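Visitor: With chain A's structure known, arrange chain B on it following the hints.
As they're listed, the protein sequences go chains A and B. Anchor point for the first sequence: position 71 equals 60 in the working numbering, and the numbering is continuous, going up by one each time. Counting the second sequence from 1 gives a position; the working numbering is that position plus 1.
Hints in this document: simulated from the structure, not taken from any laboratory. There could be a bad hint or two in this list.
Claimed, not checked - Partner residues aside, some chain A positions facing chain B, computed with beta carbon under 10 angstroms: (1) 130; (2) 255; (3) 258.
As the list claims (entries may be wrong) - Label-pair distances were calculated between CB atoms; the ranges are: (4) A:254 to B:77: 42 to 52 angstroms; (5) B:12 to A:337: 26 to 36 angstroms; (6) B:34 to A:287: 39 to 49 angstroms; (7) B:64 to A:3: 55 to 65 angstroms; (8) B:20 to A:257: 22 to 32 angstroms; (9) A:280 to B:30: 26 to 36 angstroms; (10) A:278 to B:18: 40 to 50 angstroms; (11) A:3 to B:20: 48 to 58 angstroms; (12) A:7 to B:11: 39 to 49 angstroms; (13) B:39 to A:291: 23 to 33 angstroms; (14) A:219 to B:64: 35 to 45 angstroms.
Since the structure is predicted, the reported quantities are computational estimates derived from the model, not experimental observations. The C-beta atom is built at its ideal place from N, Cα and C for all residues, glycine as well.
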Amino acid sequence: MSVAAPAPQDADPLDLAGRVARVTAVAERHLAAADRDAAFPVQALDELRDTGLLGLVVPQEYGGLGGALRDVVDAGIALGRCDMSIALIFTMHCQQAAAVLAYAAEPLRSQLLPTLGAGRHYLASVSTESGKGGHLYSAHAALHERGDELAIDRFAPVVTGGEHADGFLITMRNVGATADNDVALVYAARDQLLVEPAGDWQPMGMRATRSAPLKLAGAVPRHQVIGPGAPFRDIANQVLGPYAHLGWSASWLGTAAGALSRTLGLVRGPAGRKRFDLASELLLTRLSTARQRLDAVHAQLRHTLAMVETTQDITTPANQLLLNSLKITASEQCHAAVDDLVDAVGLQHGYLKDSPTRIEQALRDLRSAALNYKNDRLHLADGRLALLDREVSFA
Amino acid sequence: MDSGFIDLLRRQLKVDAATEIAADSPLRDLGMDSMRSIELLFTIEDTYGITLPDSELNETVFGSPGSLWAAVAAQLPPEQVAR
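Only chain B is shown next, with the shape it has when bound in the complex:
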């Protein structure tokens, strides 16, 4: 996972620095609700300059940082994912 992506999640979900965000941390436990998920989606799209396909906009993808990052990475050029 991109470290910038973790930072983005931390800012959007207002998670304090002491709380670890792991790939499998349930995002709901980190304070995600339906309104924040929309804001998070738009922030991700703006930050990475991508559009997530409708098929990825579901609770499974938005369930954990790892699954969400996988969906984001799938839309990025390979060199941007590898960094």
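Excised from the complex, chain A in its bound form:
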């Protein structure tokens, strides 16, 4: 009887933490300027390319790192600790890549997956539209047949990193659709489109996402529709929704955890201990409250991730409610935790831009969380779902 040699304990070919650390080291150097100028973090994106992380969710057979949703969540938290914008840019790119992986058919599959696996190709999502906001399940601008190709002509008010994307996944109303909810998800490489900036980007926070409006026009072969035969609703339910809510929540949790960690480093340090009374019950309570919020978000994030990984049917009301409520809870509690920190450390380190805590930026960044796929809209969906689950069967 032969016994296989045990794998070395420390073998970790993915080395997610090591790769992410290379990106945060670069991002750290540029984040103040990126925030000030609302500039896209091109150096950090290059490092995401050089580390192969842009190919994280692409299987190794296509040249990717072979990671999974769990790795996207872990990377999102780790990147968020440094900078929320880079975490959002990365997790949303992974969301797009995962949709291609799950639903692209031949010949697009064989063309695009090796490109994504090589980690050089940054994918932006084009799902917003005037008049419908971020509503994912509908589209107004329609695909038109132009000879053998499908013509795209579309304005998008919010496209994260669109000016720097190598390719786009675009939601369009299907050819011949009779209703707005007949949506097609179309891949277009940058050189297949005329990409025109259509406005400025001067937001309160998440400034380095550079989510400026774009006008996109061009035509692509028919086979660049993702998942022909699969309703868009399936792509949204199975991939886009889970990756969005888990990826965003991870990014927000990381952002708040980074702010809390830097705050603790400050008040715990030799100079901080002279300035802050660490026996103050008010300070201790505020630190506790901030930490409590983040532990609650972390627990729900991990629990929701386990549900997505193991469920047979993600569309049940209980599962959808859990996924949506993760997004709502994370967006509220991560922001609230950083707001607690403002009071905990006061004006100099809680409100001024040049504090090493970076609380000021984290708070501005996290204010977007409730608006990024708006909580108000999600509550309406959850209210309807709640009516479908009279027994209140928790996922």
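Guide: The following block gives chain B in isolation, referenced to the frame of chain A:
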């Protein structure tokens, strides 16, 4: 264990001179509670000019003078430990 470290523990935990502090004396029996452990931690960090890593901030390390000194010594330059 550094004799100064024993003195530091005695002051922080308000242990009288008649009570012996040995390497394996349970610090809880010497009056350590959660508030005193934080004060003790900061006093140690200030006294020795070190920062104990998060991984050492647990009840096992803070369980006895010996285990706590081992964690402190690990952060000190060798010549300071040998004295």
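Visitor: Run through the hints listed earlier and report the numbers of any the structure violates, in increasing order.
Guide: Violated hints (numbers, rising): 1, 2, 4, 6, 7 and 14; every other hint is consistent with the structure.
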